[in-house]
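Assembly of the complex is requested from the two constituent chains, each provided in isolation within its own frame, with the hints serving as guidance.
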Amino acid sequence: VSLTDRLLGDRQRLAYIASQAADSRLNVELETEGMTLNIGPQHPATHGTLRIIARLDGEQVVWAEPSCGYMHRGYEKLAEVRTYPQVTSLVNRIDWLGSFANEVPFILAAEKLMGVEAPARSQHIRTILFELSRIANVSLFLGDLGVQMGAITPVFFAFRDREYVLNLIEGATGGRFHPNFDRIGGLKDDLPKGWIAETKAVMKKLRTFCDQIDDLLFGNEIFQARMRGIGVIPRDVALQYGLSGANLRASGVDWDLRRDQSLPMAWDKADWKVWTHPDGDSFARCWVRLQETRESTKIVDQLLDTIPSGPIMAKVPKIIKVPEGEAWVSTENPLGEMGYYVVSRGELGPFRVKIRSASFNNMSVAPWALRGVYVPDIVTILASLYFILGDIDR
Amino acid sequence: MPVQPQNEKENLLSSAPEQSATSTQPRITSATEVIAALGDRLVDSFHKDDLWLRVRTDEWKSSMRTLRDTLGFHYFCFLSAIDWMPSPFGRGEDDPTEPTPVRDTTIRSGYAGGDTRMQVFARVMNPVTHVGVIVKVDVDDTHPSLESLHDVYAGANWHERETHEMFGITFDGHPDLRNIYLPMDFEGHPLRKDFPLLARMIKPWPGIVDVEPLPGGGAEESADES
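The listed protein sequences derive, respectively, from chains A and B.
Residues in the first sequence are numbered consecutively from 1, following the working numbering.
Residues in the second sequence are numbered consecutively from 1, following the working numbering.
So that you can see chain B by itself, here it is in the shape it has in the complex (with noise of 0.2 angstroms):
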């Protein structure tokens, strides 16, 4: 269910609490506002400094499209994908003469919650109010697939064509879906959770062996006492 904001202060985004100087035309994108305007396109959002939207994964692009042309969201600013999925690796710190330890991988969404293990997610702006939201988007697991937004935003072209080769999620009806960063034969995908960071298998992490005992030894020693 969408949360509702508790009052009309709070319905301000308040990622821009003053208004341009320059701009006439007053601030009106709202949460209700947003939320409305997606309808039953919308899974759930999550509102505190920002608007996190998730909307449902066939009604993506259109989703994006509304929110573009209706409420003038007209800036992209990025898109990329998140695993939810914690690393069976840890943080790269294993002792490679022991056995590796088991990890809890049990798979945990953020704000405005989730149903599969990867999320592809976008924040776009209105270049008028200085409103963002960000938008969120379930992918399946055994196929990743979304519509490629690169006819409602042009700049989603090379986003996408990141995500592809570092999640390994395919947009269709992109036009040119190849590797940007990556060789165009490189195996797997490196932002994946299950992608080893081989630097880290290879030689143990110097950090580990030169940390030096903290005065007092306490976690929650705070910085003014030294």
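The following block holds chain A by itself, in its conformation from the complex (with noise of 0.2 angstroms):
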């Protein structure tokens, strides 16, 4: 069986036939030769510094391998000599994105080899944080989508509506980007006057954004025939590679972390639906991913309702000291599982912090995924797989 043969869906190959056929009729020889199409460093789909050697036969990837470091910055070594503490500010910067959503599993880490559990009003701040810089992240890549694809509209509707909800973690925590604002034990500060009513309006003005979404992209005829059956990701391959989050869901594999592990965090407090798509091509990834961003909002309106008093920190000594150890958390982030192998020998900062972020399992699928699509479905591809480069590369 040729690579043609394989690839090509019975459709295609009739059609393929039959431009042949024209072409000897015609007593034409087309050069089939390879080329190689190098896409990136910088590219609108890439969200970062990726490239992509593609090796193509006519309009058809038969080779593709994602180049990766052109952002790695070593976070690994890095927080080996910082202190426990200081490594937060260093973690905020993996998913640029969702920031506050990679400090909790390594804070939880931390807090697991210490003994130490936050009280129960900064665990449900924290859900309610982490559920913000998710619905932030995954904004953006909705109207991201449409850019992909020609459609410049969504965008804008993205960026005014991740706004409201910057504004909203800048508020809490002082920074729109890098919050710096989970600490061992708790949370840095409590929430301001009148922040709760505030988020219920944005929350609205986000559910009103993933209706636009729906309609403006979703509904979309383009959107569809360029989505929907480009680059199917079996289960099992799914599994075999590690992807994670709403990739995974999209084939059919029914784990959401926030539900299917027990962590001192908020999520149990609160009535949601993990949502799961049997499709896994482009169309399903999105699809699972607008539908979270609905149950999010849901979810954050909840955990407003039912805040419980107390205090937002724990009782821990100033200058922390994690007891000897090693531990595994992993929480699902707006990217996908994003987890911290924390070995801690007792010092003041870790031994070895493993960090696996979900982007470079997400992306490594996409040497498999890319293998006989056409040029175009490159970038929509690899826009549904969606990673940051900062998650890539660490």
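Do not take every clue at face value.
The list that follows gives simulated cross-link-like pairs (lysine-lysine, DSBU-like), each with its CA atoms no further than 35 angstroms apart [as the list claims (entries may be wrong)]:
no.	chain 1	residue 1	chain 2	residue 2
1	A	Lys321	B	Lys48
2	A	Lys354	A	Lys269
3	A	Lys315	B	Lys61
4	B	Lys61	B	Lys48
5	A	Lys193	A	Lys318
6	A	Lys318	B	Lys48
7	A	Lys318	A	Lys269
8	B	Lys48	A	Lys354
9	A	Lys318	A	Lys354
10	B	Lys61	A	Lys188
11	A	Lys269	B	Lys48
12	A	Lys298	A	Lys315
13	A	Lys204	A	Lys354
14	A	Lys273	B	Lys48
15	A	Lys354	B	Lys61
16	B	Lys61	A	Lys204
17	A	Lys318	A	Lys205
18	A	Lys205	A	Lys193
19	A	Lys273	A	Lys205
20	A	Lys193	A	Lys273
21	A	Lys188	A	Lys204
22	A	Lys269	A	Lys298
23	A	Lys269	A	Lys188
24	A	Lys354	A	Lys273
25	A	Lys77	B	Lys61
If you're looking for bench data, these hints aren't it; they were derived computationally from the structure.
If you're wondering where the values come from, they're calculated on a predicted model, not measured in any experiment.
Structural data, given as structure tokens:
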């Protein structure tokens, strides 16, 4: 079976044979020599500096390989010379669109080793801020999705509405992008006055935004033609490559770390749904993210009503020394499973931190997923896999 | 010797106490089951809130294959390595004008033990029961090499490339062991502990200079007293 036969569907194969027949009638011999196409290091579809090298046969990709490392900052090495509280300012910069969510698993790992649990109020506020960073992150993804296909309008909606969420994060933490708000044993501060009412109003706006995106993009015929049946990743492949988050759920795996593990967070205090999609194509991945944004606004709304009173910091020493041991904590971040393997030697700083970022695994499937697709689909598949360069390169 | 869990309740790995509402299969993966399936390929194990396993170096790939095929650990989470030798440079806060202090660089392994300076470890999960295990393996000190897992878990491909460049561990049978982050002509293996963090060596860390004395000065003072 030739490569072309293996990669093309029946209809496309017929079209291919027909075109070959037409060429032979006209006595035209087309050159089908391979060509190497370089995409990046900078390209709108790559959200940063990722380079993709693709070997083409005509319009089809024979082989594609992302080239990472343009933004490698060596956080695992840097964390070894920092104290535990200092590490949060580093890990903030991994997935820069949902920074607060990066801090939480590291802090939880340190708390696990210390045997400290944050008070109920700070667990609640943590969960709210976590979901707000998810909304800020994924709403930009939903807007940006249109840009990959030439639709300029949705991204303006996305930037406008994401700004409301960033304002909330700024109001509570003082930082729009890098809150650095999470502390071992709780949070830096309590919520400001009037923040809860403000947040509720914004969540309403974000639900409207989701409806608009649903109309503008997901109902759009061109969007569907570019996304449906493209870049299908079956369940087994997704699991082997360690895809996580919406990418895994879009391949029909019903697994959400917010629901399926017990962490000292408040997700179990809210009533929400984990969305999955059986198709595993680009459309499914985007659709699952849209539904998740809606669910996140619901989680935030419910948690805002039930914030318990009490302190926001547990009793922890001023100089934090974490007892000897090893801990693994991962959470369901906007991009997927983000986890930290922290090895402590009872010192001021960690002995070794392994950062498991979602995008690294999500991107490692790209050589598999891009094989055999057409050149314009490279962009939509990469967009639907959704990666942040800082999250790949760490 | 494998650590035997005390009773049946502790036996279930506690990382996922509630069964997912939609999965129909019962939670079956328990620590004893994993330990039994690996048999004498297991060197040591440690069971706390997670399950740590240490397998024999020559049985690394076959152990992972057993975990995947027999016990259903289909989800590949990550693979990396640890250098257990404490850094001879400390935390990079030495005064460059003073002679370098002598540091204890005795190798001391973590959970589930270890006989070598470097260990490779990986985490895999069962997507139905939502249970995960951390599998460690010793690698030889002078010629660190290990079988590649890329045909057991396809996702291990990139992780092994990263571990190769960061720790200098070779993965036999890997199809394409190029550097993934670093330039191809980069010398040294940055995540090894004896690789100095040059930024700290060249310029003293400003944190040492502007340390403010704590009120009261006591390290054990708790936060609520302020």
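Evaluated hints:
1. A:Lys321 x B:Lys48: Roughly 21 angstroms separates the two Cα atoms, so the pair holds.
2. A:Lys354 x A:Lys269: 30 angstroms, holds
3. A:Lys315 x B:Lys61: 45 angstroms, violated
4. B:Lys61 x B:Lys48: Holds - the C-alpha atoms of Lys48 (chain B) and Lys61 (chain B) are around 25 angstroms apart, at most 35 angstroms.
5. A:Lys193 x A:Lys318: 27 angstroms, holds
6. A:Lys318 x B:Lys48: 28 angstroms, holds
7. A:Lys318 x A:Lys269: Holds - the C-alpha atoms of Lys269 (chain A) and Lys318 (chain A) are around 31 angstroms apart, at most 35 angstroms.
8. B:Lys48 x A:Lys354: Cα-Cα ~19 angstroms, so holds.
9. A:Lys318 x A:Lys354: With a Cα-Cα distance of about 26 angstroms, the restraint between Lys318 (chain A) and Lys354 (chain A) holds, given a limit of 35 angstroms.
10. B:Lys61 x A:Lys188: 45 angstroms, violated
11. A:Lys269 x B:Lys48: Status holds; Cα separation ~26 angstroms.
12. A:Lys298 x A:Lys315: 32 angstroms, holds
13. A:Lys204 x A:Lys354: 38 angstroms, violated
14. A:Lys273 x B:Lys48: 31 angstroms, holds
15. A:Lys354 x B:Lys61: Holds, at about 22 angstroms.
16. B:Lys61 x A:Lys204: This hinted pair is violated, its Cα atoms lying about 51 angstroms apart.
17. A:Lys318 x A:Lys205: Violated, because 41 angstroms separates the two Cα atoms, which is more than 35 angstroms.
18. A:Lys205 x A:Lys193: Satisfied, since the Cα-Cα distance of roughly 20 angstroms is no more than 35 angstroms.
19. A:Lys273 x A:Lys205: 20 angstroms, holds
20. A:Lys193 x A:Lys273: 30 angstroms, holds
21. A:Lys188 x A:Lys204: Satisfied, since the Cα-Cα distance of roughly 27 angstroms is no more than 35 angstroms.
22. A:Lys269 x A:Lys298: Measuring from Cα to Cα gives roughly 12 angstroms; hence the hint holds.
23. A:Lys269 x A:Lys188: 23 angstroms, holds
24. A:Lys354 x A:Lys273: 31 angstroms, holds
25. A:Lys77 x B:Lys61: 28 angstroms, holds
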